[in-house]
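*Asks:* Chains as they are written, first to last, in the numbering used here: chain A, 12 to 734; chain B, 365 to 461; chain C, 731 to 913.
Errors might be hidden in some of the hints.
[To be verified] Dumping the calculated DSS-like pairs for lysine-lysine here, alpha-carbon to alpha-carbon at most 25 angstroms:
{"id": "1", "chain 1": "A", "residue 1": "Lys649", "chain 2": "A", "residue 2": "Lys631"}
{"id": "2", "chain 1": "A", "residue 1": "Lys363", "chain 2": "A", "residue 2": "Lys631"}
{"id": "3", "chain 1": "A", "residue 1": "Lys225", "chain 2": "A", "residue 2": "Lys674"}
{"id": "4", "chain 1": "C", "residue 1": "Lys877", "chain 2": "B", "residue 2": "Lys448"}
{"id": "5", "chain 1": "C", "residue 1": "Lys760", "chain 2": "B", "residue 2": "Lys448"}
{"id": "6", "chain 1": "A", "residue 1": "Lys674", "chain 2": "A", "residue 2": "Lys363"}
Everything labelled a hint here was simulated from the structure, so no lab data went into it.
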Amino acid sequence: MAISGVHPLAATIAAWMWLLPVFPLLGFIINGALSMYSSAHIGPADPDMGHGGHDSADGEAHAASGHGDSHSVGKPRFASIVTIVGPGVIFLSFLLAAAMFFAMRGVDMTTPFVQKYWSWMPVGDLQIDFAFQLDQLSMLMVLIVTGVSTLIHIFSVGYMGEDEGFARFFSYLNLFVFFMLLLVLANNYALLYVGWEGVSLCSYLLVGFWFKDKVNADAGKKAFLVNRIGDVGLLIGMFLLFANLGSLDFTTLAASTGSLQVGGALVTTICLFFFFGCTGKSAQLPLYVWLPDAMAGPTPVSALIHAATMVTAGVYLVVRSSFLFSMAPVASITVAVVGAITALFSATIAIKQWDIKKVLAYSTVSQLGYMFIGVGVGAYSAGVFHLATHAFFKGLLFLGAGSVIYTMHAAYHHSGNHADAQDMRNMGGMRKAMPVTWVMMWIATLAISGVPPFAGFFSKDSILGAAFEHSHDSILSSATWLGMSGHTVLLGVYVFGLAGALLTAVYMTRLMLYTFHGPSRATEAEQHAMHEAPWTMTGPIVVLGVLSLAGGWLNLPSVASFLGPVGSLDKWLNPVVGSATLAITNGTAIEASHGVELTLIGIAVLIAIAGIVIAFVALKPAKLVTKDQSPGEHGFEKVLAEKYYVDEIYEAGLVHPAFVTAKNVLWRGLDVGIIDNLFVNGSAAVARGFAWIGAQIQNGSTGAYAWGIALGAIVLLSVFSFR
Amino acid sequence: MLAESLGLSAILFVIGVIGVLTRRNAIIIFLCVELMLNAVNLTFVALSRYYGMGGQVFVLFVMTVAAAEAAVGLAIIISIFRHKQTVDLRNINVMKG
Amino acid sequence: MDNYGLFYQFHFYLFGIIAIVAAVTFVTRKSPVAAAMWLVVVMFCLAAEYVMLDAQFIAAMQVLLYAGAIMVIFLFVIMLLNLGEASDIADVRGIWGKLLAGFVGLVLLAEVGVLTRTGIPSGKFVVGRDYLGAQLARYGAVGAVAKPLYQDYALAFELTSVLLLVAISGAVILGRKESTSAR
Chain A
12 MAISGVHPLA ATIAAWMWLL PVFPLLGFII NGALSMYSSA HIGPADPDMG
62 HGGHDSADGE AHAASGHGDS HSVGKPRFAS IVTIVGPGVI FLSFLLAAAM
112 FFAMRGVDMT TPFVQKYWSW MPVGDLQIDF AFQLDQLSML MVLIVTGVST
162 LIHIFSVGYM GEDEGFARFF SYLNLFVFFM LLLVLANNYA LLYVGWEGVS
212 LCSYLLVGFW FKDKVNADAG KKAFLVNRIG DVGLLIGMFL LFANLGSLDF
262 TTLAASTGSL QVGGALVTTI CLFFFFGCTG KSAQLPLYVW LPDAMAGPTP
312 VSALIHAATM VTAGVYLVVR SSFLFSMAPV ASITVAVVGA ITALFSATIA
362 IKQWDIKKVL AYSTVSQLGY MFIGVGVGAY SAGVFHLATH AFFKGLLFLG
412 AGSVIYTMHA AYHHSGNHAD AQDMRNMGGM RKAMPVTWVM MWIATLAISG
462 VPPFAGFFSK DSILGAAFEH SHDSILSSAT WLGMSGHTVL LGVYVFGLAG
512 ALLTAVYMTR LMLYTFHGPS RATEAEQHAM HEAPWTMTGP IVVLGVLSLA
562 GGWLNLPSVA SFLGPVGSLD KWLNPVVGSA TLAITNGTAI EASHGVELTL
612 IGIAVLIAIA GIVIAFVALK PAKLVTKDQS PGEHGFEKVL AEKYYVDEIY
662 EAGLVHPAFV TAKNVLWRGL DVGIIDNLFV NGSAAVARGF AWIGAQIQNG
712 STGAYAWGIA LGAIVLLSVF SFR
Chain B
365 MLAESLGLSA ILFVIGVIGV LTRRNAIIIF LCVELMLNAV NLTFVALSRY
415 YGMGGQVFVL FVMTVAAAEA AVGLAIIISI FRHKQTVDLR NINVMKG
Chain C
731 MDNYGLFYQF HFYLFGIIAI VAAVTFVTRK SPVAAAMWLV VVMFCLAAEY
781 VMLDAQFIAA MQVLLYAGAI MVIFLFVIML LNLGEASDIA DVRGIWGKLL
831 AGFVGLVLLA EVGVLTRTGI PSGKFVVGRD YLGAQLARYG AVGAVAKPLY
881 QDYALAFELT SVLLLVAISG AVILGRKEST SAR
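Start from the sequences and build out the full structure, keeping to the hints where you can.
*Replies:* Below, the structure is given as structure tokens:
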């Protein structure tokens, strides 16, 4: 709580911040009830409504699943109520968040505003409360989450409008927003963990939304399980934290870090364990493998969860724990290095993917790598800045891809084609049919490539600039990481970031070229059936397009002071992460000279434009043929297209041995052999043995009875004789 | 003569017990029981010198009861023999259960 | 009596040994008839012992009742059921059974020995020395037993007669052949 007296925000609308997650929770309950009611009362006349814009991880499986040409003939039940309630509750949360934001701007705030609702776990020395903490960072996250969620909910109204699971979809989405808000508003690591696990759960539910197709169900399981592996790291970090510092509150911990040794083994271990959890949640190496498979879910899910919100939870965790990470240079460098490697690695995979959503998935992994570079080198607000702009343009890209897929599906329905609606080789020249989407997607592509003045340029440049600047005169540069000096490592991170930026521009331009430009590889009839998506889908895309254009103004660099206020986001987040950033940079803020800054900006812009030009020159969309007619890949291209066979390696090296061990050792040996045979059957056998002994007393044999009498007499006599 | 009498009585009694435990013919076992009763009679008689005539009176009763018991027991054995055609103890396990 | 003559002691031991040998032989016979005969020998020896212990009436009763009536009943039943031959079923059990029975017997003997040592101090008269002789002289051999039987133990005497009645009825019923009518 505040140091003395009442926090200044307590008198404002911020006192109602507990309503923020309650609205989505109500939405979940209402939509969930409607969904269960409707599924329990399907009448005989209801047609098969399983159609709709559903995607699947593998187009072949989708086409071959015996789908049939069933056309949905009507809206799902309760569609009108769900249409109002689903996006409506999120919009209410957004309005409340906006009001809270304005209240916060009018208040001078240096400490977080904590509202404790009840004491959740008072156990011995541990005191964990169900409490929310509102500071600048969580305010920003709440705005991003509720804002982008509202747009995606509105998009889903159009996209899932004819799916029979309409109500169920919105209930899951609302539940997801509820958990995500818990995560960002939590006052302590335990409540954050509740939100963390909850979004994993919703990811499972939503990725496997069309669970009747086994591929989708498997993808959902994979997402959940891989996340779970990372969660162990987070848990262990929490245990260590509690064991050594006695609390899990953010505020208490931030105050008590004086007892920790800077750069010591304990802080480094805690941070590394936290980061392991982040590699699971935010899809970095080695636990990124679930994200591409998660494209099996509906496209709004990919947009919301796997672009804008859930995967950013890892970045949020690192920023929240900045007071820890800034004390552990080795851990911070590790974060940056893993982020850099992941950024480059997944960018190389993306340039050879043909499924439009897979390209975007690997792009997400790559961009998350950039965010981790940012928070790894200590530029926490730069990482959050990229988080915000990424939510805008990646959300836009996914929604746009969703519109394209929707249109392709509609066209294929007309022609009865069963080809893969998501493969870029089946698309082409879509700009004629979908001009608005085309323009918006180009805005997003320029943003993600880092072309000024779009949003991604500013955020990516601030990250790479920080990586370059922190490579000297910071505690990171003076540390050694795996034998190399921090200075060298961070320069390497910078170079990797540049290479990744080049590849980003290449694959994004490739996506645009193959999808929207060039000749169309669909038939005439299909081309006539293609048109722009309805306004419920195009509207949010336009809004996100505007944000991708203007998002850069959130945090202009000092060289661009002529454009507007400089460093707004930095100033906004300063009370939260400022001290941590200063700790990284040895106490004084690094102010690069204008010359250095302009040089860095110039390099970044050059790289972005070079990437776009390379793609235009080298790629010939006219030479593409449809997926069914395309030749297979060969050589290194095949390796890239098969994503370096990482999944296969994991399967053979980890999953299969685990399965074999579980089956033979744990199941046969332990479960059946020891527990079943030894304990259960064994104790029954022992009881039977005793029963057998007892039964011998009454076997009817007179001779035995005589023996019994004689022995009994001896026993009695011996009692008397030994008195 | 007391100690000798008691010793003889004990030995005869033990021989009777061994006989009961060892033999399988029901009649022989019965005879061993009679031997045991005789041994006990000897004890009573030997001790009556020191404890009064009650000892010998009791011996009379023992003999009477032994006679009655022999009659009834043999009647039972006859009845079993009629059912099972054998007096082997191994085959007479009707008391099972 | 503490000073028994050699004649007396010798015959006491003689009849004792004969009794023991006859008992052992009795226990190990295969044929029931032979076993019964050997038991009769044991009873005769015991009768002799009774005489030497100043229980002449009891000795006579032993011969009359035990050897003369009870053993006769046994022999009647053996003959009735035609079980007289030495047969396998009369065999003793296996070697282990015999050894174990012998061991049990020894243990029993030892315990009885221990108990009698502590229980009965030898030579202590409750009823005074030569009580038995005095009774015999006063009432005669039969009277010495009859007097307490009909005076002190009259109730037991009556009950025994009832017992005999019941036993007779029981023996008759149990020994009856099954009639053709169902029970």
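*Asks:* Hints first: check each against the structure and report whether it holds.
*Replies:* Results of checking the hints against the structure:
Taking the CA atoms of Lys649/A and Lys631/A, the gap is about 19 angstroms. The hint holds against a cut of 25 angstroms. For the hint pairing Lys363/A with Lys631/A, the CA-to-CA distance comes to about 14 angstroms; that is within 25 angstroms, so the pair holds. Simply put, Lys225/A and Lys674/A have alpha-carbon atoms about 22 angstroms apart, close enough for the 25 angstroms limit, and the pair holds. For the hint pairing Lys877/C with Lys448/B, the CA-to-CA distance comes to about 48 angstroms; that exceeds 25 angstroms, so the pair is violated.
With a C-alpha separation of about 21 angstroms, the suggested pairing of Lys760/C with Lys448/B holds against the 25 angstroms cut-off. Only pairs whose Cα atoms come within 25 angstroms are accepted, and Lys674/A paired with Lys363/A is rejected, the gap being roughly 38 angstroms.
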